[in-house]
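Enquirer: Required output: the full structure, derived from the provided sequences and hints.
2 protein chains.
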Amino acid sequence: MNQQSNLPAAEAITLPQPYLLFLGDNREPGYAKTAYGLRDWAGDLCIGEYKLDDQTTTTGLPQLTPAEAAAKGAKSMVIGVANSGGFIPPSWIAGLVEALEAGLDLISGMHMRLADLPELREPAERLGRRLIDIRTPPRNIPIGTGRKRTGKRLLAVGTDCALGKKYTALAIARGFKARGIDADFRATGQTGIMIAGGGIPMDAVVADFSAGAAEILSPDAAPDHWDVIEGQGSLFHPAYAGVSLGLLHGSQPDVIVVCHEAGREHVLGHPGYVLPSLQETIDLHLRLGSRTNPAIRCGGISLNTSKLSAEEADALCASESERLGLPVADPVRGGPAFERLLDNCLA
Amino acid sequence: MNQQSNLPAAEAITLPQPYLLFLGDNREPGYAKTAYGLRDWAGDLCIGEYKLDDQTTTTGLPQLTPAEAAAKGAKSMVIGVANSGGFIPPSWIAGLVEALEAGLDLISGMHMRLADLPELREPAERLGRRLIDIRTPPRNIPIGTGRKRTGKRLLAVGTDCALGKKYTALAIARGFKARGIDADFRATGQTGIMIAGGGIPMDAVVADFSAGAAEILSPDAAPDHWDVIEGQGSLFHPAYAGVSLGLLHGSQPDVIVVCHEAGREHVLGHPGYVLPSLQETIDLHLRLGSRTNPAIRCGGISLNTSKLSAEEADALCASESERLGLPVADPVRGGPAFERLLDNCLA
Numbered sequence: 534m535n536q537q538s539n540l541p542a543a544e545a546i547t548l549p550q551p552y553l554l555f556l557g558d559n560r561e562p563g564y565a566k567t568a569y570g571l572r573d574w575a576g577d578l579c580i581g582e583y584k585l586d587d588q589t590t591t592t593g594l595p596q597l598t599p600a601e602a603a604a605k606g607a608k609s610m611v612i613g614v615a616n617s618g619g620f621i622p623p624s625w626i627a628g629l630v631e632a633l634e635a636g637l638d639l640i641s642g643m644h645m646r647l648a649d650l651p652e653l654r655e656p657a658e659r660l661g662r663r664l665i666d667i668r669t670p671p672r673n674i675p676i677g678t679g680r681k682r683t684g685k686r687l688l689a690v691g692t693d694c695a696l697g698k699k700y701t702a703l704a705i706a707r708g709f710k711a712r713g714i715d716a717d718f719r720a721t722g723q724t725g726i727m728i729a730g731g732g733i734p735m736d737a738v739v740a741d742f743s744a745g746a747a748e749i750l751s752p753d754a755a756p757d758h759w760d761v762i763e764g765q766g767s768l769f770h771p772a773y774a775g776v777s778l779g780l781l782h783g784s785q786p787d788v789i790v791v792c793h794e795a796g797r798e799h800v801l802g803h804p805g806y807v808l809p810s811l812q813e814t815i816d817l818h819l820r821l822g823s824r825t826n827p828a829i830r831c832g833g834i835s836l837n838t839s840k841l842s843a844e845e846a847d848a849l850c851a852s853e854s855e856r857l858g859l860p861v862a863d864p865v866r867g868g869p870a871f872e873r874l875l876d877n878c879l880a
Numbered sequence: 534m535n536q537q538s539n540l541p542a543a544e545a546i547t548l549p550q551p552y553l554l555f556l557g558d559n560r561e562p563g564y565a566k567t568a569y570g571l572r573d574w575a576g577d578l579c580i581g582e583y584k585l586d587d588q589t590t591t592t593g594l595p596q597l598t599p600a601e602a603a604a605k606g607a608k609s610m611v612i613g614v615a616n617s618g619g620f621i622p623p624s625w626i627a628g629l630v631e632a633l634e635a636g637l638d639l640i641s642g643m644h645m646r647l648a649d650l651p652e653l654r655e656p657a658e659r660l661g662r663r664l665i666d667i668r669t670p671p672r673n674i675p676i677g678t679g680r681k682r683t684g685k686r687l688l689a690v691g692t693d694c695a696l697g698k699k700y701t702a703l704a705i706a707r708g709f710k711a712r713g714i715d716a717d718f719r720a721t722g723q724t725g726i727m728i729a730g731g732g733i734p735m736d737a738v739v740a741d742f743s744a745g746a747a748e749i750l751s752p753d754a755a756p757d758h759w760d761v762i763e764g765q766g767s768l769f770h771p772a773y774a775g776v777s778l779g780l781l782h783g784s785q786p787d788v789i790v791v792c793h794e795a796g797r798e799h800v801l802g803h804p805g806y807v808l809p810s811l812q813e814t815i816d817l818h819l820r821l822g823s824r825t826n827p828a829i830r831c832g833g834i835s836l837n838t839s840k841l842s843a844e845e846a847d848a849l850c851a852s853e854s855e856r857l858g859l860p861v862a863d864p865v866r867g868g869p870a871f872e873r874l875l876d877n878c879l880a
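From first to last, the protein sequence lines are chains A and B. Just so we're aligned: the first sequence equals residues 534 to 880 in the working numbering. Just so we're aligned: the second sequence equals residues 534 to 880 in the working numbering.
Mixed in with the good hints, there may be bad ones.
Identical copies look the same in the list; a pair holds intra-copy or inter-copy alike.
The list that follows gives simulated cross-link-like pairs (lysine to any residue, SDA-like), each with its CA atoms no further than 20 Å apart [stated by the list, open to error]:
id : residue 1 : residue 2
1  : K681      : G805
2  : K681      : L801
3  : K681      : H803
4  : K681      : V807
5  : K608      : G576
6  : K710      : N877
7  : K681      : P809
Quick caveat, the hints were computed from the structure, so don't treat them as lab data.
Expert: This is the structure in structure tokens:
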């Protein structure tokens, strides 16, 4: 097990904002998820979009060159599109360098690191701009201490990966704020970090430091402040459960919200692994989470009902709520069920 | 969550053997733990020791210069001592370079990387020798698959860190071999890796790859072959539980042996954290471990009784065995209780 070093402890990543969104020459809306997520959840931080040609997908935000965006106050350009290989194609380089020359830092969540491309590193160094790779965690993350921190915390957990934990945490943080509650969304994945303007990429942290990373992600706060933390992976996932447990222990949540997709029966990509029941999922999180916060409780269920009609979704949320004795809502659909979920999280 | 790359999947580290043990100019036996561990558990792989002066602590092995050791077949020199800062003092450099010049690779488990020292990197490059830092995990570890592997596996787990998991796994592997069973000790920490001549430093693996690392550590094997795997951390530890869960899931143990130190009541260094009971520890491991191996069972308890007299230790093992309905033994003391533990693991 690792020792703590004598260097000052790390803090979570913080990003220069507001953003210009870079869409490259992408034709495929499915690859522009990051740009759409930023538009939907951090629209006030997005000054505009920059496309390399007319056929490129659009977010509907104003089209600006890097120089125009900088004149309007933009501090960075975010790569808002992915491609299947996770790399930066040669056709993007001139546009990325143009942003550096206009005074913007570059932000990327892709697998290929910006700093590994000499065509970008050289102008960035010459111009004094930053190349920020969101997948690179901060240096010198401390070992977890297990010390109870002040303030309130909610963690979105799940029966599986990729079923709405980020969306749920964002919607709950937004719902809390709408009620006048002092709340922060705390991001643990690439897109979430861009939306929040900071956070820690939990999946890229060395395993010994997982809980410590979660601890610095949601530091001591005022007694009535809420951190609403994006979950990662699942305690039931054959590859990622360790990340989920480190995040659960380090987050010390007072409240968990369990996320699930209606109809999903197996772990995504692992057909041999049946998903746990909602009750099993609640029980295991409360048992393990009570190690660092004995007062942990379940606030309710966030059900992704995107494959159902509105009527089917309402009926399912109502019957599941009756069965489990907890609020069950789809935050995308909102409405009274979601308000009841918020009520119970705050109860 | 990370994607798999297209590069060939990693394999566990393998080390050039036999070893010459380097003791530097160390005066403090407590700092020579690695050298003593290698002498005790891999004595047939240790050709001798190399000390910089007469006051240096000794393992009792033949004293050889690097050239003499190389002539006797040594392939590498292992740094067998630590110091409080985890760094390599200037007084060692000439001796380390002497080993490179004699044709030996260098192996270190220290925090400071050998390859970061120009005084070593330059001669190693010039002479074509390897500088092997055990704390650096292999590149390109795959994401866990959860696929059930052939062969049998035993994992030493614990109520806490630093109470005998490595020793327990080594003793069980040795006990299995003494019965003619085909068994391998699988190492997950620095000293264990040197003893085994290979393994994976689980604490240094990026969290998303913990289970995948455990999977490649104990690959498919013959149906009656046993991998006896060194555990790390504890599911109840506020900092390290994520590592322990990734290792549990990826190891897919058929049998766990729970390690505990008699009299320890709190997590080492975390006085606010009471240790779980043995029954709680067994239950949680079986519940979580059953996710990747539904046939998981507990083979017994390995009790570190180093602070007790022989009579007290025997009485405690007997009463705990009666209470839990499982074999309880201290592998350091061996004897019939330990043979019963081996019996039950193989049952």
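Enquirer: In ascending order, which of the hints set out earlier in this document are inconsistent with the structure?
Expert: Violated hints: none at all, because every hint is consistent with the structure.
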